[in-house]
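Asker: The primary structure of each chain is shown beneath.
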Amino acid sequence: MKAAALALALATSTALGASTIGFADAQERGGTLNFARYDGSKLVDPIYADRNPDIWMVGSLFSTLLSPTEDGTDLVGSLAESFEVSSDGKTVSLVLRDGLKFSDGSPLTGDDVVFSLERARNPDLGPWSGLLSAVSSVSADGRNITISLERPDPALLSMLATFNTAIVSKKAFDAAPGANDQEKSAAIFAAGGPGVGSGPFYLSGFEQGSSMTFTANPHYWKEGKDGKPLPYLEKVHFEIIPDDATRVLKLTAGEVDIAEFIPFSRVAELDADPAVDMNLFPSTRIIYSPINTRETRADGTPNPLHDKRVRQALNYATNKEALIGLVLQGAGKPMSSPVMSSSTRLAADMNPLYGYDIEKAKALVAEAGLKAGTEVTLTTLAGSADDATIFAALQQMWAPLGINLVAEQVDNATRGAKNRSGEFDIHTYGWVDDVNDPSQVTGWLGYFPTAKAVGTGWNNADFNTLYEASSSEMDPEKRADQYRKMQDIYAEAAPLLFMYETPFAVAVSGKVDGYLQTPLGNNVFENVSLER
Amino acid sequence: MAGLQYTLNRILLMIPTFLLVMIIIFLLVRLLPGDPAIAIAGDKASDADIAAIRERLGLNAPLWTQFWLFLTNTLQGDLGRSILLRAPVTEVILARLPTTIFLTLYAVTLSILIAGPLAFVAALNRGKWQDNLIRAVFQVGLSMPVFYIGLLLLTFLAAQLRLFPVGGYGETFLDRAYHLFLPAVTVALYTSAILMRNLRSAIIEVLDAEYVQFARAKGLPPRLILGRHVLKNALVSTVTLLGLSIGQLMSGTLVTETVFAVPGVGRMMLEAIFARDYPLIQGLTLTFAVLVSLVFLMTDIFQSWLDPRMRLS
Numbered sequence: 001m002k003a004a005a006l007a008l009a010l011a012t013s014t015a016l017g018a019s020t021i022g023f024a025d026a027q028e029r030g031g032t033l034n035f036a037r038y039d040g041s042k043l044v045d046p047i048y049a050d051r052n053p054d055i056w057m058v059g060s061l062f063s064t065l066l067s068p069t070e071d072g073t074d075l076v077g078s079l080a081e082s083f084e085v086s087s088d089g090k091t092v093s094l095v096l097r098d099g100l101k102f103s104d105g106s107p108l109t110g111d112d113v114v115f116s117l118e119r120a121r122n123p124d125l126g127p128w129s130g131l132l133s134a135v136s137s138v139s140a141d142g143r144n145i146t147i148s149l150e151r152p153d154p155a156l157l158s159m160l161a162t163f164n165t166a167i168v169s170k171k172a173f174d175a176a177p178g179a180n181d182q183e184k185s186a187a188i189f190a191a192g193g194p195g196v197g198s199g200p201f202y203l204s205g206f207e208q209g210s211s212m213t214f215t216a217n218p219h220y221w222k223e224g225k226d227g228k229p230l231p232y233l234e235k236v237h238f239e240i241i242p243d244d245a246t247r248v249l250k251l252t253a254g255e256v257d258i259a260e261f262i263p264f265s266r267v268a269e270l271d272a273d274p275a276v277d278m279n280l281f282p283s284t285r286i287i288y289s290p291i292n293t294r295e296t297r298a299d300g301t302p303n304p305l306h307d308k309r310v311r312q313a314l315n316y317a318t319n320k321e322a323l324i325g326l327v328l329q330g331a332g333k334p335m336s337s338p339v340m341s342s343s344t345r346l347a348a349d350m351n352p353l354y355g356y357d358i359e360k361a362k363a364l365v366a367e368a369g370l371k372a373g374t375e376v377t378l379t380t381l382a383g384s385a386d387d388a389t390i391f392a393a394l395q396q397m398w399a400p401l402g403i404n405l406v407a408e409q410v411d412n413a414t415r416g417a418k419n420r421s422g423e424f425d426i427h428t429y430g431w432v433d434d435v436n437d438p439s440q441v442t443g444w445l446g447y448f449p450t451a452k453a454v455g456t457g458w459n460n461a462d463f464n465t466l467y468e469a470s471s472s473e474m475d476p477e478k479r480a481d482q483y484r485k486m487q488d489i490y491a492e493a494a495p496l497l498f499m500y501e502t503p504f505a506v507a508v509s510g511k512v513d514g515y516l517q518t519p520l521g522n523n524v525f526e527n528v529s530l531e532r
Numbered sequence: 001m002a003g004l005q006y007t008l009n010r011i012l013l014m015i016p017t018f019l020l021v022m023i024i025i026f027l028l029v030r031l032l033p034g035d036p037a038i039a040i041a042g043d044k045a046s047d048a049d050i051a052a053i054r055e056r057l058g059l060n061a062p063l064w065t066q067f068w069l070f071l072t073n074t075l076q077g078d079l080g081r082s083i084l085l086r087a088p089v090t091e092v093i094l095a096r097l098p099t100t101i102f103l104t105l106y107a108v109t110l111s112i113l114i115a116g117p118l119a120f121v122a123a124l125n126r127g128k129w130q131d132n133l134i135r136a137v138f139q140v141g142l143s144m145p146v147f148y149i150g151l152l153l154l155t156f157l158a159a160q161l162r163l164f165p166v167g168g169y170g171e172t173f174l175d176r177a178y179h180l181f182l183p184a185v186t187v188a189l190y191t192s193a194i195l196m197r198n199l200r201s202a203i204i205e206v207l208d209a210e211y212v213q214f215a216r217a218k219g220l221p222p223r224l225i226l227g228r229h230v231l232k233n234a235l236v237s238t239v240t241l242l243g244l245s246i247g248q249l250m251s252g253t254l255v256t257e258t259v260f261a262v263p264g265v266g267r268m269m270l271e272a273i274f275a276r277d278y279p280l281i282q283g284l285t286l287t288f289a290v291l292v293s294l295v296f297l298m299t300d301i302f303q304s305w306l307d308p309r310m311r312l313s
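First to last, the protein sequences are chains A and B.
So in our numbering, spot 278 of the first sequence is number 278, and the numbers just go up one at a time.
So in our numbering, spot 173 of the second sequence is number 173, and the numbers just go up one at a time.
In case anyone wonders, no lab produced these hints; they're calculated from the structure.
Note that this is a predicted model, so its numbers are computed, not measured.
Please note that a few of the clues may not be correct.
What follows is a list of derived Cβ distance ranges for each label pair [unchecked claim]:
#1 A:T73 / B:Y148: 40 to 50 Å
#2 B:L152 / A:A322: 30 to 40 Å
#3 B:L113 / A:A399: 52 to 62 Å
#4 B:L113 / A:D39: 29 to 39 Å
#5 A:A268 / B:S143: 24 to 34 Å
#6 B:L94 / A:A268: 36 to 46 Å
All C-beta atoms in this analysis are idealised placements derived from N, C-alpha and C, irrespective of residue type, glycine included.
Next comes chain B alone, as it looks inside the complex:
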């Protein structure tokens, strides 16, 4: 019952969050220097053309009127029409969102698969060469920019060894997994480095805890100690970090999707900002906000399952 109440409270908290996000993004977009009318008409348009486009887009209306229209339409599920793509914002976002979600989940999965086992190996061999090697390799991953790692992988694994395609997005599930492997690995290398360091520290901390020593003293088999006592407790802080990382991963797709020519919403956001496509920027930001909030919600729920004390607090 406490768990359900906790979840409901968390969902209710999301409403003011979204409202705040809408206000902030509406104002921020309009504070950007630059005029969407110029972006649409192009540099070559006459002053008269620019004025006509501003009028047609309703950009001459008072800010409050524009916001009210944005708010009421959004609540009805209408995010407006993209100025750049000349199509409903909801439609164009939904067309490209699955790609970004696929890429993000792929990268998260790879991050966990890389970070999890290595964190255990490093923690259980604390101070030994295995620990030092793993930490050194990940340090390199952390200190290199994502786009640079991407280009290196593309050059060697795709262009030279021809093991993977240079860019693009496949048709079937397996084809997509193959096409998106390099972008997912690129992102995962960075995220897994953060996760691995955190999980390693947490495992080391838990391994020294009295309840683990007690479990050892009871004669429980090491696998049971690691699975039931160490992992579950070490995961609490790592799950929080993972939740935060997913939010970061989504914003990171902006670079990854451009380098790897992946047609997702990250790249679309970049195009929308350059074109001052107000409706599309607003729609995308709101979409990101919803997705990140959902991830945080799931993180909190998962954490409360790992650590029931959270529900009471």
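So that you can see chain A by itself, here it is in the shape it has in the complex:
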């Protein structure tokens, strides 16, 4: 039995809810926070949320059993006051807090936990069931929850802190109209109102593509600085404003309190505005470009990028700092871990990862025998100013290697289809972790069976074996070592053009306090207060 495999965490409610008399008088409560979003939610349900605008809102309406610590490196109890993994790693025991309630005041029981987790792992329902594939059964005895596993799963505790395992009310689903779970979920979302979740808010208004309103859950379990239940706000009102410029205008005109996804070209200007607090929240977002590593291109012609020396050369010839200056106006940093962002757990620090070295790049292409004037296509998003800048910069940076870079502009859906079919040389792409564990991003970028190593066609047996072994490795040290080796292999093979990490740029009015966007992208409103 490894001591480290035994995770026993006591509830942090005391710390989180620590109240002091000094705060009680100072803490502002009430008011409506107006939030300008780049895109609207379609269905905020833990298991059906499949787009970021849905996923990032789940935590406001539903609570999970566990939650990540603020720095994202560990887990603490949320609805569960304590949790424990058995010595063989095949049983997880949790104890729920006493007196938990849903937003309508009805009790949250073990039955609700069983219902929610069974729903989350049902492969016929949502797209995230695979995250709980190791689970064989879930049972409850009063406040005690037992999760049995077919095999040890080192990522399971992280999954219990992930949106798809958030707890929903069984009673609400039983009572909802609809022939199946999907219809019931849609009916509950359309009706709105309290009762289905136990998060800090409940959905109280929704107009498709236009607006959404959350109202404070009076039965939320967590306490604020003043010793009273969170949240401080009475409501959060979201307006959907897809145009970047209009979102910024809304904020500067004082019509909204927060505007998200601020274009990086506007960051300096907003930072200089004394009425605005320009936040660059650390994120797990990486911008990279998959490189087609197949022997031949989709049209059957030889693929010069099949040779890893050429891929390495492209990486050495790319001045990431210059790209960051051009695209992000300096608000970013080069990728320093090959398969994930530097803030993802178990990320190896390989800084500089393919630091700019044009001479080395030239030597590599010469060694690979790359012909001068070789045409390579960069597939970019039509209408994306960032992609256009990336293309122009790479075209110049790679010209000394004898590469003639040409652009192909497509929309997002086409780019996705090309990635799946392998009909590309290189294309721009991005990623944000959904799970507080490296397995998801590593599986996506490197493990061939998931999605052909992000469409690159790179299929490395050693990497695949290490990934499979890490999926059931409960010894943290051994697992960390497996991840280190996977990152070494990946960096050397360079199936990606490793580019940069970007923060979440969110402009917040000076009268707002306590807003947070987590590295996974989740919007956290429970600690927000408005100066009135």
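With chain A's structure known, arrange chain B on it following the hints.
Answerer: For chain B alone, coordinates are given in the frame of chain A:
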């Protein structure tokens, strides 16, 4: 009687038009590169997930089977379920259509109110400074992209002077008129420039016509000449242009609704295309086709009233 026969013929002609539109849009949507299953599942989905979604959506069925299903369901008023919004297409379109219709009618009204009087002023002062000034101003309106005009108006009238809201859509009729004023003006500036130029030329042409000169010679008061003889005859070509402009205005809402954050079907169309939401794209295109056809029908009827010779032809 001739008028009724003419209207009936025009309505009957709409049936093959719709059928053709349905065939074209069904094929065009499927010719687009990209896969709705990938759009639904997201970039992060595994290959197995994508395959399962394709099967669930019936995208593996032969094209002919898919079209037959689309045709028969549409004829029964069922446009299917939106892949993106997970709701019946008819329901989601009906929820957002009134906004777009309101915006379009608002813009048309403003266009007429702007173009009509100015066209008269310009035509009656042909070659003078009033005429030159009006034409120069409208030339600027014509040469600037709609979204740029929108952003300028937003920046100065909304963000700086705070005379109007930056975006959104009100609750009551008056509130909506206030919220949608800037988007409507943005669209109207462009349309009124086209209408004004056309109406000005038509008025000038009619003013020189023999029957107008005869009316003047008869000693009819100028107001009567302008109202009864000049306006009615000058309007014939302008009404055609207005009908065509409404069709353009509807497709123009795609940009305007995005810039001004107006939750109409124009913006929904953009979202549907990006998500490869086949049922929603088909439903929206059909809706646009019906609306534009209705506008053309009304234009033709109005024209036949203005110019009875059309009924006979």
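Asker: All the hints need checking, so say for each whether the structure fits it.
Answerer: Quick rundown of the hints versus the structure:
About 47 Å separates the C-beta atoms of T73 (chain A) and Y148 (chain B), a value consistent with the hinted range of 40 to 50 Å. For the hinted restraint 30 to 40 Å between L152 (chain B) and A322 (chain A), the CB-CB distance of approximately 33 Å keeps it satisfied. Evaluation of the 52 to 62 Å hint for L113 (chain B) and A399 (chain A) yields a pass: the beta carbon distance comes to about 56 Å. In this structure, L113 (chain B) and D39 (chain A) meet the distance hint of 29 to 39 Å, their C-beta atoms being roughly 36 Å apart.
Taking 24 to 34 Å as the suggested C-beta distance range, the pair A268 (chain A) and S143 (chain B) conforms, at roughly 32 Å. In this structure the supplied range 36 to 46 Å holds for L94 (chain B) paired with A268 (chain A), their Cβ-Cβ distance being about 44 Å.
Hint violations for this structure: none, all hints satisfied.
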